[in-house]
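Novice: Residue numbers for the sequence shown follow the working numbering, so the first one is 1 and each next one is one higher.
By construction, these hints were calculated from the structure, which means they are not laboratory data.
Treat the hints with care, since some could be wrong.
[As the list claims (entries may be wrong)] With beta-carbon atoms standing in for the labels, derived distance ranges:
1. 236 / 256: 13 to 23 Å
2. 98 / 229: 17 to 27 Å
3. 39 / 174: 32 to 42 Å
4. 140 / 199: 33 to 43 Å
We put the CB at the ideal spot given by N, CA and C, even for glycine.
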Amino acid sequence: MNLQLSNDGLQIEVTGHGPPLVMLHGWAMHSGVFAPLVRALSSHFECWLVDLPGHGRSGASLPLQRAIVADALLGRVPDGFWLGWSLGGVIALEAALRAPRRVHGLIEIASSPRFVCGPDWPYAVETAIFTQFGEDLERDYQGTIDRFLLLEVNGDEHARRELRWLREQLAARPPCAQHALVDGLELLASTDLRAGLAELVAPSLWIGGRRDRLIPAAAMAAAAVMAPDGRLLTLERAGHAPFLSQPEQVAQAIVSFALG
């Protein structure tokens, strides 16, 4: 595994063989969470595992803002496929819209072009949820992170095992920078990429769990319809992290989508 760290403070680990696959994790996590999926994909792809700003081993000097992070990564990674889970999916989608010739295909896992409800978008959570998480971080950092982990695994058939895995992964790297977590919540609360989604050039694969309590399966289905070449995979017994409970099935879908 090759480790890259540049002046922007972003850590990127590269492993595997094949076409490049940039992998972006979700809020309050780091790239180590993809380990089960990487084991299944590294014989098919060269995996570029990114720690987002203020997460994992990446510094927090770069603002966790959609366009800034997408541009920074486009300056670091080769042309290829991009995969984003939850918050990471927002940045991956931004990159695909900003550099359509460089992103050959987009894999969105438990992500959405819009994370909050609106009159014309019921497939999300209320804005107040993000506000509450931000306020709770000020009072009880560790308790807030743990409650979020519970939400991520809630509903999955292997919830206990996944919760233990997520806690172990978080403990393996430095704690997330609090201001980066707040920035991430603000990013999620303010993002609406539905209009851009209709102009997406790259083919896209949307993978969601039927039991997801954060991103409803209906959001993934709606996004797949809005994208010009969108495809959908809904895993019936999975929650917000389907690549943990069913890594082989998720990997098989990615390989079929990207490599035919």
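Novice: Decide, hint by hint, whether the structure agrees.
Specialist: Against the structure, the hints:
1. Distance hint check: the CB atoms of residue 236 and residue 256 are about 19 Å apart, consistent with the given range 13 to 23 Å.
2. A C-beta distance of roughly 18 Å is found between residue 98 and residue 229, which places it inside the suggested range of 17 to 27 Å.
3. The hinted range of 32 to 42 Å is not satisfied by residue 39 and residue 174, whose Cβ atoms lie roughly 24 Å apart.
4. The given range of 33 to 43 Å is respected by residue 140 and residue 199, whose C-beta atoms sit roughly 42 Å from each other.
Of the numbered hints given earlier, the model fails hint 3 alone.
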